[in-house]
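Protein chains: 2
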Amino acid sequence: MTMKDSQVYHIGGRKITVTRKNLQTEQENESSSASQVRPETMERITTPELANAFIEEQVQAIREQVGENGKVLLALSGGVDSSVVAALLIRAIGDRLTCVHVNHGLLRKGEPEMVIDVFRNQMNANLIYVDAVDRFLNKLRFISNPEWKRKIIGKEFINVFEEEAQKLKDVAFLAQGTIYPDIIESEKGVKAHHNVGGLPERMNMTLVEPIKFLYKDEVRVVGTALGLPDKMVYRQPFPGPGLGVRCLGAITRDRLEMVRESDAILREEFAAAGLEGKVWQYFTAIPNFKSVGVTDGKRTFAYPVIIRAINTTDAMTATVAEIPFDLLQKITARITAEVEGVNRVVFDLTPKPSGTIEWE
Amino acid sequence: MTMKDSQVYHIGGRKITVTRKNLQTEQENESSSASQVRPETMERITTPELANAFIEEQVQAIREQVGENGKVLLALSGGVDSSVVAALLIRAIGDRLTCVHVNHGLLRKGEPEMVIDVFRNQMNANLIYVDAVDRFLNKLRFISNPEWKRKIIGKEFINVFEEEAQKLKDVAFLAQGTIYPDIIESEKGVKAHHNVGGLPERMNMTLVEPIKFLYKDEVRVVGTALGLPDKMVYRQPFPGPGLGVRCLGAITRDRLEMVRESDAILREEFAAAGLEGKVWQYFTAIPNFKSVGVTDGKRTFAYPVIIRAINTTDAMTATVAEIPFDLLQKITARITAEVEGVNRVVFDLTPKPSGTIEWE
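From first to last, the protein sequence lines stand for chains W and A.
Using my numbering, the letters of the first sequence correspond one by one to residues 16 to 375.
Using my numbering, the letters of the second sequence correspond one by one to residues 16 to 375.
Be a bit skeptical, because a hint or two may be false.
Note that the list lumps identical chains together, so a pair holds whenever it fits in one copy or between two copies.
[Unchecked claim] Distance condition first, Cα-Cα at most 27 Å in a straight line; then the derived DSSO-like pairs of lysine-lysine:
#1 K293 x K345
#2 K293 x K231
#3 K367 x K313
#4 K184 x K124
#5 K203 x K313
#6 K313 x K166
#7 K367 x K86
#8 K367 x K305
#9 K305 x K170
#10 K345 x K170
#11 K182 x K367
#12 K313 x K170
#13 K154 x K305
#14 K184 x K305
#15 K246 x K227
#16 K154 x K227
#17 K227 x K166
#18 K203 x K86
Note that these hints are calculated values from the structure, not bench results.
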């Protein structure tokens with residue numbers, strides 16, 4: 016793997032921007048550009064049959080790589096990439112895979128529950144669930160600078176994951192949900208995708224990247240073939256720092272709940288209106304700013320919720336999705352009635368550029 | 016006039032909330048409920064002919080009230096009510112009317128210029144233009160509480176107007192743009208409408224209220240018959256504290272310019288799309304809150320503009336106007352390209368309740 020710089024880490028589907036100088040030197044020696052190019056003979060995976068063939072092939076490859084007793088560690092975010100890697104590894108090596116799911120308090124409503132339900136209950140995975148909510152929110156108190164917020168979230172994530180990894184014995188392999196666009200971007204110098212915070216070197220671990228030649232649409236076909244539920248396979252893209260960058264400015268627990276609840280209402284209503292999968296990404300955000308309103312004849316001073324709904328092909332540019340006015344009115348009525356502390360809803364009309372997809 | 020309390024002053028079309036205890040006692044003695052009821056025989060003014068008849072009648076009434084040498088003072092905001100009173104008085108007594116137009120820096124783009132153009136240049140009025148921009152903005156620095164902002168703007172307006180009034184000699188009358196809904200609301204106890212800050216008593220002035228029995232639609236018919244331009248006669252309602260309550264939080268000169276420029280673009284595009292007069296009120300506001308964006312590949316950290324467009328019959332409740340998506344996209348593109356310091360545009364989806372028409 017060619018290392019351009021050490022800015023972006025890739026933990027499951029989660030990208031984290033932290034600089035660790037100690038990463039670069041050693042790894043540059045092992046980079047092998049040959050192993051980073053998708054074989055030209057590889058057919059695009061578009062059918063269950065092709066997906067099953069790929070799964071069989073990778074199950075063999077994983078077994079070969081880790082051997083009969085090898086143990087593997089995976090940071091499982093619940094995003095499609097890390098979930099597919101988890102399901103592949105469970106099929107290949109069962110409970111020799113340990114999944115670590117870190118709940119940093121910035122996940123969407125129902126997400127930690129879904130990860131536990133799918134992997135622990137349905138797939139019988141060896142899953143460590145880490146409730147790190149207080150730990151993250153305490154670190155983030157009073158931090159309003161968006162860059163600092165991202166760095167704190169990324170750094171703390173690595174700390175938590177590292178602590179969990181150190182509790183385990185004899186784990187020689189680290190699995191990662193790297194996909195082909197990550198490698199292409201890395202090669203181009205757009206982004207550098209790294210493994211988890213220097214863990215492989217420090218703990219003498221080897222990378223396992225079974226889906227590194229897949230495009231996103233192929234990952235989804237494989238995920239479905241592996242029996243993952245649609246709402247996991249077709250999950251919208253979600254930023255690494257989670258709701259932390261949608262609870263704008265300094266994160267408070269009350270506003271974080273407002274983001275989570277309003278986002279759940281938005282997703283529910285978009286699904287009911289048949290917009291799921293038709294709009295590329297939609298979510299809510301809450302600024303650290305109040306406005307005057309009125310309820311039951313009494314003045315209120317509460318937060319507005321921002322609705323963002325966009326379409327994009329490459330995330331480099333994005334257009335605003337046109338949402339039916341009556342649906343927006345319905346969502347507004349529900350959010351202002353059901354989410355405590357919210358008295359207004361606005362719709363973001365800004366394409367990228369001049370906006371970005373997220374607000375911070 | 017029945018005095019319920021002394022909260023709301025009425026200066027031209029401008030309502031100002033300031034408490035002045037000294038007002039109440041004396042005026043209650045002169046109240047005469049008989050003179051505050053619209054005569055049942057009075058026909059609704061819907062045609063130029065009826066308007067002209069009303070104008071003739073009022074011109075006579077004003078001449079009778081003020082006598083051959085009487086001088087009248089008027090606070091001319093540029094709103095339809097004070098403008099119609101000004102035009103009526105100019106017809107009745109010419110330059111014995113002195114209009115004072117206070118530019119507090121919180122007017123919309125082009126408004127002070129329009130007042131000067133219409134009244135000084137076209138109607139040859141005796142117009143005193145007071146540039147009080149620095150005075151107001153200095154008083155408002157660092158004040159973020161919406162109520163305090165309103166009080167400071169109202170109090171300072173009275174101070175400025177009083178200073179101008181004291182420079183004049185022998186002015187016995189104060190004209191006011193009170194209209195019939197103001198009187199009805201006052202009678203009901205909803206609002207108490209008062210004259211300018213106790214000026215009539217302190218300066219021994221008598222009120223002249225020629226349009227106090229007219230409804231808003233009649234004021235407009237009369238205004239047109241008096242030769243006032245459409246954009247003055249059909250001007251949208253505008254709050255007394257002006258753009259001050261749309262430059263949210265503590266007012267800064269840069270954000271005030273952003274509100275003014277974005278509002279001008281919005282009005283221009285609504286007019287071009289034929290929405291003028293079809294949407295009851297539309298304007299922009301700017302929170303004291305920035306978000307991340309991108310322009311020419313570079314990260315920006317700038318303000319969002321909020322678009323508000325509502326319909327109402329009584330201003331007690333309001334619905335959000337449905338604006339064509341392509342028009343909103345065009346306005347967004349113009350505002351983010353033309354207004355420096357702005358990188359986003361959002362549309363307020365909130366009816367009243369749970370929002371209010373203004374944001375503060």
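Verification of the hints:
In this assembly of identical chains, K293 and K345 lie within 27 Å of each other by CA distance both inside one copy and across copies; the values are 19 Å within and 23 Å between. In this assembly of identical chains, K293 and K231 lie within 27 Å of each other by CA distance solely inside one copy; the values are 16 Å within and 47 Å between copies. For a Cα distance limit of 27 Å, the shortest separation of K367 from K313 across copies, 12 Å, qualifies, whereas the shortest one inside one copy, 39 Å, does not. With identical chains, the CA atoms of K184 and K124 are never at most 27 Å apart, being 33 Å at best within one copy and 71 Å at best between copies.
Proximity of K203 to K313 under the C-alpha cut-off of 27 Å is restricted to the inter-copy arrangement: shortest distance 19 Å between copies versus 57 Å within a copy. Taking the shortest Cα distances, K313 and K166 sit within 27 Å of each other only across copies (20 Å), while inside one copy they are farther apart (41 Å). Taking the closest pair of Cα atoms, K367 and K86 never come within 27 Å of each other, the shortest separation being 43 Å inside a single copy and 60 Å across copies. Both within a single protomer and between protomers do K367 and K305 lie at most 27 Å apart by alpha-carbon distance, with minima of 26 Å and 16 Å respectively.
Taking CA atoms no more than 27 Å apart as the test, K305 paired with K170 passes between copies only; the shortest distance there is 25 Å, against 31 Å inside one copy. Taking the shortest alpha-carbon separations for K345 and K170, neither the intra-copy value of 39 Å nor the inter-copy value of 41 Å comes in at or below 27 Å. When the C-alpha separation of K182 and K367 is checked against a cutoff of 27 Å, the pair qualifies neither within a copy, at 44 Å, nor between copies, at 56 Å. Only between protomers do K313 and K170 lie at most 27 Å apart by alpha-carbon distance; the minimum there is 25 Å, versus 44 Å within a single protomer.
Taking CA atoms no more than 27 Å apart as the test, K154 paired with K305 passes in both settings, with 24 Å inside one copy and 23 Å between copies. For a Cα distance limit of 27 Å, the shortest separation of K184 from K305 qualifies neither inside one copy, at 51 Å, nor across copies, at 47 Å. For the identical chains of this complex, K246 and K227 are intra-copy neighbours only, at 22 Å inside a copy versus 64 Å across copies, given an alpha-carbon limit of 27 Å. In this homomeric assembly, K154 and K227 never come within 27 Å of each other (Cα to Cα): the closest approach is 33 Å inside a single copy and 62 Å across copies.
In this assembly of identical chains, K227 and K166 lie within 27 Å of each other by CA distance solely inside one copy; the values are 26 Å within and 63 Å between copies. Taking the shortest alpha-carbon separations for K203 and K86, neither the intra-copy value of 33 Å nor the inter-copy value of 79 Å comes in at or below 27 Å.
Going through the hint list in order, the structure does not satisfy hints 4, 7, 10, 11, 14, 16 and 18.
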